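Student: Use the sequences and the hints to build the structure in full.
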Amino acid sequence: AVVSTQSTGQLKLACEGYGVELVQYENENTLARIIELITKDLSEPYSIYTYRYFIHNWPYLCFMAKVEDSIVGAIVCKLDIHKKGNYRGYIAMLAVDKEHRRKKIGSSLVQKAIQTMIEHNCEEVVLETEITNQAALNLYQQLGFIRDKRLLKYYLNGVDAFRLKLWLK
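Residues 46 to 214 (the numbering used here) are what the sequence shown spells out, left to right.
Worth flagging that the hints you see were computed from the coordinates, not collected in a lab.
All of these numbers come straight from a predicted model, not from anything done at the bench.
Among the clues, some could well be false.
Said to hold, decoys possible - Distance windows between CB atoms, simulated:
hint, residue 1, residue 2, range
1, Arg195, Glu73, 36 to 44 Å
2, Glu168, Leu196, 19 to 27 Å
3, Lys214, Gln187, 15 to 23 Å
4, Leu196, Gly64, 36 to 44 Å
5, Gly130, Thr177, 30 to 38 Å
Every residue gets a Cβ at the ideal spot worked out from N, C-alpha and C, and that includes glycine.
Tutor: This is the structure:
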């Protein structure tokens, strides 16, 4: 199962055992830290406008992982109507601070985003990742994503990407 739930219907997150709390994006004050985290990890340079496009249109699909008052992870997503009128979720960015990896933060952020997408009638979720990013490929495969297609020279650095897809219905 992609998303596990407790009997109360609340999402049970693996990262909770590490003192990590997942919170929804609140305001512009946290944007600089989100950008800093994502810039360290992703090969594509995004402008402030790209972040604002996602965060301001879909703030309910942007989550941060916090340890005490420090933001150690973030996921930025969107949800749109796709072909045939189906809702399709898109994971645009996911990053976890290197010092806080191997604590299930990344997978918990993805699960939290997917659960929220499901609550908004999402039928499938897609994303792209570099074919050389084995950690990301493993994470998404464990969550049920499959390799949908290979996108040649997709990134500015010339590396190919896999489009990964998760069908929810």
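Student: Give a verdict on every hint.
Tutor: Hint by hint, here is what the structure shows:
Checked against the hint of 36 to 44 Å, the C-beta distance between Arg195 and Glu73 comes to roughly 37 Å, which is consistent with it. In this structure the hint that Glu168 and Leu196 lie 19 to 27 Å apart at CB holds, the actual value being about 22 Å. Range check, Lys214 to Gln187: Cβ separation about 21 Å, and the 15 to 23 Å hint holds. The given range of 36 to 44 Å is respected by Leu196 and Gly64, whose C-beta atoms sit roughly 38 Å from each other.
Here the CB-CB span from Gly130 to Thr177 is close to 35 Å, well matched to the stated 30 to 38 Å.
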